[in-house]
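J.: Spelled out from the first residue to the last, the chains are:
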Amino acid sequence: MTEITKSKDLGNGWVELNIGPQHPSTHGVLRLKVKLDGEIIREVEPVIGYLHRNAEKICELDYYCDSLIYFDRMDYVGAMNMEVGYLEAAEKLLGIPPPERVKWIRVIMAELSRIAAHLVWAGAFGLDLGMLTPFFYCFIEREKILRVFTETCGSRQETNYMSIGGVYQDFNDKIVYDIEEFIEQFPAKLEVIFNAYVKNDIFISRNKGIGILEPEVAISYGVTGPMLRASGIDYDVRKAEPYLVYDKVNFDIPVSYKKDNLARFLVRFEEMRQSIKIIGQAIKKIPDGPYFNPKAKKSLMIRLRGEGETYARTESPKGEFGVYLVGDGGVKPYRVRVRSPSFKNLSVLPVLAKDVMIADMVAISGTIDLVFGEVDR
Amino acid sequence: MSILLRLQSLFSIFGHYLSFILAYLLETVFMIVFVMVSLVAVIYLFRKYMARVQLRIGPNRVGKFGLLQLIADSLKLVGKESVLPRGRDDMPFRMAPVIIFLGLIMSFAIIPYGSLYWVGSLTITDSDVSVLLLFAALAIMPIGELLAGISSRNKYAVVGALRGVAKDISFEIPMMISVLALVMMASARTSTPLNLTSLVSVQFIPYGIPQIIGLGVFFIAMVARASYSPFDMGESDSELVAGHSTEYSGMRFGMFYMGMFGSIFLGSMIVSILYLGAYNGPFSGDLGFIYLLIKSLILVILAFTIWLSVPRIRIDKFVNLGWKYLLPASVINLVIAGILTLGLGL
Numbered sequence: 001m002t003e004i005t006k007s008k009d010l011g012n013g014w015v016e017l018n019i020g021p022q023h024p025s026t027h028g029v030l031r032l033k034v035k036l037d038g039e040i041i042r043e044v045e046p047v048i049g050y051l052h053r054n055a056e057k058i059c060e061l062d063y064y065c066d067s068l069i070y071f072d073r074m075d076y077v078g079a080m081n082m083e084v085g086y087l088e089a090a091e092k093l094l095g096i097p098p099p100e101r102v103k104w105i106r107v108i109m110a111e112l113s114r115i116a117a118h119l120v121w122a123g124a125f126g127l128d129l130g131m132l133t134p135f136f137y138c139f140i141e142r143e144k145i146l147r148v149f150t151e152t153c154g155s156r157q158e159t160n161y162m163s164i165g166g167v168y169q170d171f172n173d174k175i176v177y178d179i180e181e182f183i184e185q186f187p188a189k190l191e192v193i194f195n196a197y198v199k200n201d202i203f204i205s206r207n208k209g210i211g212i213l214e215p216e217v218a219i220s221y222g223v224t225g226p227m228l229r230a231s232g233i234d235y236d237v238r239k240a241e242p243y244l245v246y247d248k249v250n251f252d253i254p255v256s257y258k259k260d261n262l263a264r265f266l267v268r269f270e271e272m273r274q275s276i277k278i279i280g281q282a283i284k285k286i287p288d289g290p291y292f293n294p295k296a297k298k299s300l301m302i303r304l305r306g307e308g309e310t311y312a313r314t315e316s317p318k319g320e321f322g323v324y325l326v327g328d329g330g331v332k333p334y335r336v337r338v339r340s341p342s343f344k345n346l347s348v349l350p351v352l353a354k355d356v357m358i359a360d361m362v363a364i365s366g367t368i369d370l371v372f373g374e375v376d377r
Numbered sequence: 001m002s003i004l005l006r007l008q009s010l011f012s013i014f015g016h017y018l019s020f021i022l023a024y025l026l027e028t029v030f031m032i033v034f035v036m037v038s039l040v041a042v043i044y045l046f047r048k049y050m051a052r053v054q055l056r057i058g059p060n061r062v063g064k065f066g067l068l069q070l071i072a073d074s075l076k077l078v079g080k081e082s083v084l085p086r087g088r089d090d091m092p093f094r095m096a097p098v099i100i101f102l103g104l105i106m107s108f109a110i111i112p113y114g115s116l117y118w119v120g121s122l123t124i125t126d127s128d129v130s131v132l133l134l135f136a137a138l139a140i141m142p143i144g145e146l147l148a149g150i151s152s153r154n155k156y157a158v159v160g161a162l163r164g165v166a167k168d169i170s171f172e173i174p175m176m177i178s179v180l181a182l183v184m185m186a187s188a189r190t191s192t193p194l195n196l197t198s199l200v201s202v203q204f205i206p207y208g209i210p211q212i213i214g215l216g217v218f219f220i221a222m223v224a225r226a227s228y229s230p231f232d233m234g235e236s237d238s239e240l241v242a243g244h245s246t247e248y249s250g251m252r253f254g255m256f257y258m259g260m261f262g263s264i265f266l267g268s269m270i271v272s273i274l275y276l277g278a279y280n281g282p283f284s285g286d287l288g289f290i291y292l293l294i295k296s297l298i299l300v301i302l303a304f305t306i307w308l309s310v311p312r313i314r315i316d317k318f319v320n321l322g323w324k325y326l327l328p329a330s331v332i333n334l335v336i337a338g339i340l341t342l343g344l345g346l
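Heads up: the sequence lines are chains D and P, in that order.
Mapping to the working numbering: the first sequence position 21 is 21, numbers consecutive.
Mapping to the working numbering: the second sequence position 20 is 20, numbers consecutive.
Take the hints with a grain of salt, since some may be wrong.
[As the list claims (entries may be wrong)] Under the rule of at most 30 Å between Cα atoms (straight-line distance), these lysine-lysine pairs were calculated in the DSSO-like manner: (1) D:Lys-199 x P:Lys-48; (2) D:Lys-35 x P:Lys-48; (3) D:Lys-103 x D:Lys-258; (4) P:Lys-48 x D:Lys-189.
[As the list claims (entries may be wrong)] Footprint (simulated), chain D over chain P, 3 or more residues, beta carbon under 8 Å: (5) 227-238; (6) 257-268.
No wet-lab data here; the hints were simulated from the structure.
Note that beta-carbon positions come from the ideal geometry of N, C-alpha and C, so glycine has one too.
Only chain P is shown next, with the shape it has when bound in the complex:
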């Protein structure tokens, strides 16, 4: 039984329709709180980890170990004036950060978080085609970046948005082909291979082992999607000031910032779900969620290490990488998956 039905039965005294509405509302609030808390945790982790790598101390003044620094920072952002540039295209300009944040939260709602004994499945939105749903939700965020770029009437923003589009096109196709390989392998063992939960449950060994190439391609794509170094061409601070988010300030900028860190966390979660067996592990059972978190955090740390140690790649070199290396690699991975599934019956 899913979490939604549990909540609905909790509110059953209000009648059928009202109880569903209340359950959905509560779930949404849960979702947003979860995303915000995990974002704060990831940003805190990043700042501390970056400080250690750079032989600094990092935030340590506000609260114990600087734990409240992020709260203080976000309060400051909320309190700041959000400057609107003259000559902007008003509605897209205001919509863009919201679209990014919306896409982020939508994607978090589709991820399977395992199950707890007394709640049942923790998945918020389950569907037989949740893989497709997830990648559809992921595709929303680049729209926000593009809108921000072209609506703020700033040449830096336009160049940043163009770079973002060029980047998205070059990694999305290899990414989807490597997901296709996964679904192909899963389809031999389950009737609903497009469901994320069953995609996890068929992983008798983590799919990252037979599909090591796919894992590599997908991880690179996820790093590129979150658009941080070495793939932060879209908002490269030393070339384009801040790329598509140049003209944003206050909490609107904060949404871009959260979108970026959210993408890192989300990407790590998706990689660990698709390739690393998600909430499965020794003695998992009710502790599955913790396994998922640990696996994701390891990937997050890996991503941060890449971020802090490499320079930015040039946009034409990245397009080259996408079309000349990632795409053939993902096709080879697809062939390997086919051989494993049909030839060896894995």
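The following block holds chain D by itself, in its conformation from the complex:
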């Protein structure tokens, strides 16, 4: 410990306060340099990089098939979506399209993972506001999804389930039964969680009209995902540029025009309901067939060579997840670059949390849904 220095005089009675990186409300290792005028926040400056693991550079040092685990560890609460994002790009570059059955399996797993990610967010958002109980309800439901993941690939969170041109293991009857059972009982449980929040006057008063994000601001900062849709712009990669088999299932994109915290809350809950709808259709429509492309057998995997450049975008739970790959004809990619939605969404926090109270800033940063594995990569 160094000597205690006199706190900097900011000249106008403001106090500089560091919230984070070890702080209960900052969802990991976000550090916010805040200038306080009493209770009111005048300026916020997010400081990131505390979880930087150089994932993109490591991917460039590895075979195409091995990079997947680094993507699992980006958005670690919605890992399946990250895998889909990487494989969309890698398979395009390597020219190994997945079989039809694999596409359906991936849609199911990605949507399950989206629900899991939104449940984590819903619970943590309650904690941000000082509500302890719904957190446990959310995690009990999430646990059921993780159990399905464990059956399919033996791992709960960093699943590493998919692989280039296929998946690690085919669905068996038990897994299909478990998923069907989950989507049957989940909507009722989701309503319980939903009502625990919205039927509470204090919750509404903490969120209604707080953190208004104008659509123009959102677009200029590159905000995507539920945050953008809560500002009234119906942009979702699953509809705008369908990948996998999202064009063959029937679902809606929830949009809200209220632009505040509550709108973002409602959009995310409606997304969970739509995900259930997608899974329900996909589990019925899933065709028979091989579960991997024979060109990408395990023994051939490390000899896969790619040339050219490709960019693939997918809709992760946080927003538009883009992966840019450049291959130089070798077994390892020449360049890997990730467009992470949380990073772009976080950049709008100084605009949202200007001249609000400390409590509001915590609620606003809660609705941004930050996962630091993805922001810092």
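Given the coordinates of chain D, assemble chain P onto it according to the supplied hints.
T.: Okay, now just chain P, sitting in the frame of chain D:
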């Protein structure tokens, strides 16, 4: 005959002064043991109840049904190093937890617990103005919180302490006005309306029925005083880390923790004394103390349910609530009490 005189006569062989001193000491030990035991019980109840609400099991490893978990936890707290931050204001920093705990025990000593046949009145400290004494003792605890906030040289603690002060000011006045209404009603029937025991004895029906508004205001004030959700702005864990107790560790932190749960239990007891007829009930007699406990525990459970089901209210909204809703409500309650007392002669 009060419990003090009974004890004094027990020690009468030691002479007049020494026997009084011994009686006081014994009473103090009784008091502290009672407060500690009830705190352990309330914290255990809270942890079990919270676990049930959150679909968990709760403590069940240490002792039968996890009953010894709290003992283990407090032993751990005692054994931990109490870190003192550099740059603190030393004496207030060390004093603050003690002041909080002192205020808690003092308040418990003023409460009337009913009477037992072979002991007489169980009230430790009785006085003709024990209502005033009780609220004076209650006012000690916020001083400890403020001292903790400003002496630990931490910005979170300072903001927490400021919020605590803003909160205290906004509910204390409505709280005292609703107590004033009670005293006003009691003054028609007794010559010592400021004595808690006679305030209980004049409740031919629990005063919570004619003064339902006062009961509401007072209960909200008591919930706010104990500073837990939805009124835990002072130590809101997701905003200010731990508010005024951020820099405390070890048993010093344990005192803040006990102060909080003690406030819940104390607040419930005060509400049941002032508004719910305390130790009165069918066939009460010698079992009055049990009635008081049951009524308080029901209120404690109610408070826990509120705690576990609502988010934290924002500080400016709470100040609004205090000045714009609770204060007018308590004044209306005062007017109603006046009409009931003077107009209807209740």
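J.: None of the hints should be skipped; say for each whether it holds.
T.: Against the structure, the hints come out as follows:
1. Only pairs whose Cα atoms come within 30 Å are accepted, and D:Lys-199 paired with P:Lys-48 is accepted, the gap being roughly 25 Å.
2. Between D:Lys-35 and P:Lys-48 the alpha-carbon distance is near 41 Å, which puts this suggested pair outside the 30 Å criterion.
3. Restraint check for D:Lys-103 and D:Lys-258: not satisfied, since their Cα atoms lie roughly 35 Å apart, outside the 30 Å limit.
4. Between P:Lys-48 and D:Lys-189 the alpha-carbon distance is near 23 Å, which keeps this suggested pair within the 30 Å criterion.
5. Under the rule that three or more residues need a Cβ within less than 8 Å of chain D, the assignment of the segment 227-238 of chain P holds, with 7 such residues.
6. With a threshold of 8 Å between beta carbons, the proposed coverage of the segment 257-268 of chain P by chain D is violated, since 0 of its residues qualify and at least three are required.
Consistency note: the structure conflicts with the earlier hints numbered 2, 3, 6.
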